[in-house]
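From first to last, the protein sequence lines stand for chains D and G.
The numbering of the first sequence is my numbering, which starts it at 1 and goes up by one.
The numbering of the second sequence is my numbering, which starts it at 1 and goes up by one.
Keep in mind that the hints were calculated from the coordinates and are not lab data.
Bear in mind the structure is a predicted one, so any value in this text is a computation, not a measurement.
Incorrect hints may appear among the rest.
If you only want the chain G side, here are some residues facing chain D, beta carbon under 8 Å, derived [said to hold, decoys possible]: (1) ILE6; (2) ALA170; (3) ASP350; (4) ASP396.
No farther apart than 25 Å at their CA atoms in a straight line, the calculated lysine-lysine pairs in the DSS-like style are these [stated by the list, open to error]: (5) D:LYS329 - D:LYS277; (6) D:LYS15 - G:LYS384; (7) D:LYS58 - G:LYS229; (8) D:LYS58 - G:LYS469; (9) G:LYS384 - G:LYS271.
Glycine included, each C-beta is placed from N, C-alpha and C at the ideal position.
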Amino acid sequence: MALLIIDRRPNGRHKSAVNRQRFLNRYRQHIREAVADAVSARSITDIERGEEISIPRKDVSEPIFRHGASGRQSRVLPGNEEFHAGDRIERPSGGSGGGSGGASDSGEDMDSFVFEISRDEFLDALFEDLALPNLVKKRLRHTDSVKYVRGGFQRHGFPARLNVLRSLRTAHGRRIALAGKLRRQIQQLENELAEVEAEEENTGANVVAFRHQAQVRALTGELERLQRRLHHIPFLDEQDLRYSTLIEQPSPSRCAVMFCLMDVSGSMTQSIKDIAKRFFVLLYMFLRRHYEKTEVVFIRHHTQASEVDEQTFFYSRETGGTVVSSALKLMKEIIDQRYPREDWNIYGAQASDGDNWSHDSPLCEKILGEDILPCSQYFAYVEITREEGRPLWQSYLPLAGRYQERFAMKHIQEVQEIFPVFRGLFERRQD
Amino acid sequence: MSGGYIADGSEWTIEALEAYERELGHLARGYGLDTYPNQIEIITSEQMMDAYSSTGMPLGYHHWSFGKQFLATDQLYRRGYMGLAYELVINSNPCIAYLMEDNSLTMQALVIAHACYGHNSFFKGNYLFRTWTDASAIVDYLLFAKRYVSQCEERYGADRVEALLDACHALMNCGVDRYRRAKPISAAEEKRRQTEREEYLQRQVNDLWRTIPKSPAGQDEAPEEPFPKEPQENLLYFIEKNAPLLEPWEREIVRIVRKVAQYFYPQRQTKVMNEGWATFWHYTLLNALYTEGKVSDGFMLEFLQSHTGVVRQPGFREPGYNGINPYTLGFAVFSDIRRICETPTAEDRDWFPDIAGSDWLETLHEAMHNYKDESFILQYLSPKVIRDLRLFHIIDDDAEDTIEVRAIHDELGYQSVREALAAQYNLSQTEPDVQVERVNLRGDRSLTLRHRQHDRIALEREAAAEVVKHLHRLWRFDVRLESFDGSQTTGAVVCTDDKLTVDSEAA
């Protein structure tokens with residue numbers, strides 16, 4: 001009997017990937033909710049990882065006709081120790097009857113169906129359908145994405161890019177070129193040989209026969225030598241090979257810069273700061289995931305604003321009084337210096353508790369309304385407070401009317417609201 | 001280390017597997033095991049999970065439920081709640097056995113004996129498999145099914161196909177012919193006939209639903225003939241042939257699910273026998289190797305430890321109890337048949353006059369060839385096995401306050417325990433009896449199903465309502481499911497285009 005042993009290990013990995021994906025698609029809504037919950041429960045440093053998703057088992061069940069627990073059920077069980085025929089036993093409490101006979105599904109008795117999704121799937125679910133609004137300006141930049149276009153042929157390259165037609169055409173040309181002289185010589189020799197043979201027939205004299213024979217032998221020898229050389233011209237030589245090439249052509253891409261403005265003044269309590277930071281972490285992750293080329297500028301301010309790096313922005317504890325306009329001024333300066341408005345899509349997100357030095361709020365409105373919003377694509381203001389009508393909110397309110405497309409302001413009170421607000425601000429718009 | 005061993009060490013190599021297969025095959029033929037050629041495939045644990053989630057089909061169409069299965073297995077496995085099976089074997093010709101790469105050499109030898117000779121000979125010999133499945137065609141058919149389903153997805157959209165498959169899966173257990181022999185499936189045949197069938201079927205259905213008035217004179221029509229003439233238990237078959245509005249490709253997919261259900265039907269009816277047979281033979285074959293001095297003591301110790309784990313039966317109160325372990329029961333019964341043949345006691349002569357003292361090998365083969373779980377237990381479950389497993393029979397009646405112990409492992413109880421256990425493996429008793437009763441041909445085209453209750457055991461209502469909804473998706477006119485206890489109706493589920501009503505007088 002023929003035995004076949006096949007080592008399948010190298011192939012067929014991730015055979016279930018399609019089915020797994022189908023399952024995830026089907027329960028996308030559940031996953032989204034679980035992901036949103038998870039985000040508000042996690043610590044800031046810990047947001048980017050996979051997640052355990054749990055779906056009510058009822059929702060993933062596949063119904064079939066089954067017996068319920070009612071009626072007169074007969075069962076055979078193993079391991080009897082104390083019962084005798086005719087004994088009557090109390091019905092065990094709890095446990096919903098245990099299903100019928102041995103037909104229970106393998107241990108599927110928990111209430112929810114639990115599975116894990118990877119970090120990428122987690123982030124995809126988190127940022128699904130979000131987008132930076134009004135992303136329009138395009139510009140050529142040397143670091144930008146490149147497009148590959150066909151760039152003719154060259155002599156070296158990857159085997160996969162070998163251009164067969166070109167290579168054969170070159171080989172054909174080379175063969176013609178190399179063989180031309182030989183062919184001419186062969187032609188000539190053949191003619192001579194024919195003449196000699198013709199002469200031999202015509203004269204028929206024995207005297208010349210010997211001389212002729214020597215001549216014929218010399219000619220045929222030479223002819224054979226030439227034909228061998230002709231034969232040795234390779235059909236395809238390494239120098240004939242031609243490879244298609246691709247050249248990089250820079251393509252215009254959208255460049256965007258996001259300004260993150262965070263209030264770190266004394267009035268911001270630890271919990272408010274935490275909410276603000278969570279908001280910015282989400283924003284930062286979202287930008288990094290969807291827009292690789294987006295630059296992020298971190299600005300923190302109390303009475304003075306400073307541009308800081310990511311680490312300082314999220315983890316530094318410096319604090320002081322509140323002058324919000326300092327941050328807006330700095331933002332404007334940085335735009336002027338580094339991000340020409342005609343080339344850049346400019347975005348801003350500001351988080352504050354709405355508290356401000358009393359004479360500063362009108363100035364904020366002025367800078368934002370006259371200098372920043374006209375050149376920005378979108379600016380989102382998030383006020384983290386339990387009170388209504390804080391000074392900054394009041395002074396920003398008219399702007400919301402004036403720049404409906406570009407300016408949005410939202411309230412956050414609790415940690416759980418961060419994600420919904422974030423979604424609301426960056427929901428992909430239909431247009 | 002003696003030179004007589006087939007192989008040493010615990011790491012397996014391809015050569016060692018071949019050597020074991022050769023030796024085991026030689027022994028197996030000596031015992032008269034007739035098998036399909038073996039095809040051993042080495043796979044990783046992840047691939048094993050893939051195989052699990054496609055319910056053991058070497059290739060299947062895409063569906064989210066397989067993904068769900070995969071995620072569930074993956075989760076259990078990663079948390080260490082569950083070990084993966086050491087092997088998986090496909091009823092095909094050649095017989096494909098998957099071996100996990102992490103198995104030690106001893107385990108691989110066990111698995112080869114278990115799958116490549118135990119299960120393989122069972123697939124080839126047992127009458128249910130012989131009549132209902134065609135081992136040489138299944139792989140091709142599954143390939144055809146997979147391609148067809150993905151073509152439909154491209155043409156009609158994945159969502160529609162998914163919804164259709166959901167509905168078919170809900171009826172899968174009601175998609176088998178229990179008594180009539182189905183034609184074995186063959187891929188080539190399927191493909192050739194598929195187009196032809198599409199057209200033909202559609203014509204048939206159209207004929208059934210013809211709405212042109214028959215008699216222009218207006219004379220009274222003959223009384224309506226009931227349709228179907230007899231109740232139909234194969235719901236999927238009935239849908240495939242008679243559902244009024246299904247498109248041809250939809251009928252074809254219904255058919256695919258039905259064929260797959262039919263292919264697995266023998267396996268569902270022979271779980272105890274199949275596993276028992278395979279376990280009996282891995283035990284017997286490896287012991288024979290040991291007797292011949294071809295394997296070491298260490299090998300035997302490792303093997304016996306695994307074997308003991310496989311046939312462990314926790315008592316009904318112990319943690320980890322999950323019904324009767326089919327490996328234990330099957331192995332116990334087959335081993336006991338051999339004992340009854342070789343060294344019968346007076347009790348055995350009394351209970352098994354035919355086989356006590358007969359040739360054990362012949363008797364064993366006879367049992368394997370001609371029985372399924374239900375009849376096998378009814379025929380061969382001996383008092384000794386009942387005593388060893390300490391089986392007892394209870395009656396749990398919701399009309400009574402307490403549970404009655406009907407019988408235990410004593411002289412008076414053996415017969416009752418044996419009958420009750422056999423019934424527990426009778427699929428037509430453990431699964432609800434739901435049949436197509438009638439179709440209102442001239443009126444609203446509604447479909448009526450009848451569930452016949454036994455012992456007042458009702459359908460699980462929520463699930464039943466969901467299934468009726470699925471059925472409505474296929475039938476596309478009103479569907480009514482009536483439950484009857486004798487002649488008395490006990491409940492109904494009605495699904496119309498816009499609503500679902502569930503009434504139950506019992507609850």
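Legend entry - Hint check, ASP396 (chain G) versus chain D [nearest Cβ-Cβ separation less than 8 Å]: 5 Å, holds
Inset, instruction - Below or equal to 25 Å on CA atoms is what counts here, so check LYS384 (chain G) against LYS271 (chain G). - result: 21 Å, holds
Legend entry - Restraint satisfaction for ASP350 (chain G) [CB to CB of chain D, less than 8 Å]: Cβ of ASP350 (chain G) sits 20 Å from chain D, so the hint is violated.
Inset, instruction - For the pair we were handed, LYS329 (chain D) and LYS277 (chain D), check the Cα-Cα distance against 25 Å. - result: Between LYS329 (chain D) and LYS277 (chain D) the Cα gap is close to 22 Å, so the pair holds against 25 Å.
Legend entry - Given hint ILE6 (chain G) near chain D, where the shortest CB pair must fall under 8 Å: 15 Å, violated
Legend entry - 25 Å limit on alpha-carbon distance, applied to hinted pair LYS58 (chain D) and LYS469 (chain G): 16 Å, holds
Legend entry - Satisfaction of hint between LYS384 (chain G) and LYS15 (chain D), Cα-Cα up to 25 Å: Violated - the C-alpha atoms of LYS384 (chain G) and LYS15 (chain D) are around 46 Å apart, more than 25 Å.
Inset, instruction - Have a go at the ALA170 (chain G) hint: is there a Cβ in chain D nearer than 8 Å to its own Cβ? - result: With Cβ-Cβ at 5 Å, under 8 Å, it holds.
Legend entry - 25 Å limit on alpha-carbon distance, applied to hinted pair LYS58 (chain D) and LYS229 (chain G): 38 Å, violated
Violated hints for the displayed structure, listed by number in ascending order: 1, 3, 6 and 7.
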